[in-house]
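Trainee: Per my numbering, the very first residue in the sequence shown carries number 1; after that it's consecutive.
Source of the hints: derived by calculation from the structure; they are not laboratory data.
Taking lysine to any residue and the SDA-like style, the derived pairs with C-alpha atoms no more than 20 Å apart in a straight line are:
id, residue 1, residue 2
1, K24, V12
2, K24, A13
3, K24, H14
All values derive from a computational prediction rather than experimental measurement.
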Amino acid sequence: MSISASEFSEDVAHTNIDLVRGYKALQNEF
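Let the hints inform the model, and build the full structure from the sequences given.
Mentor: This is the structure we're talking about:
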């Protein structure tokens, strides 16, 4: 796997974590 591919997958992982945190935050508000 190339360096750019691993960096991309890491960015996707961080984005997914942010989405999950935002989703849980919305659930806590309602």
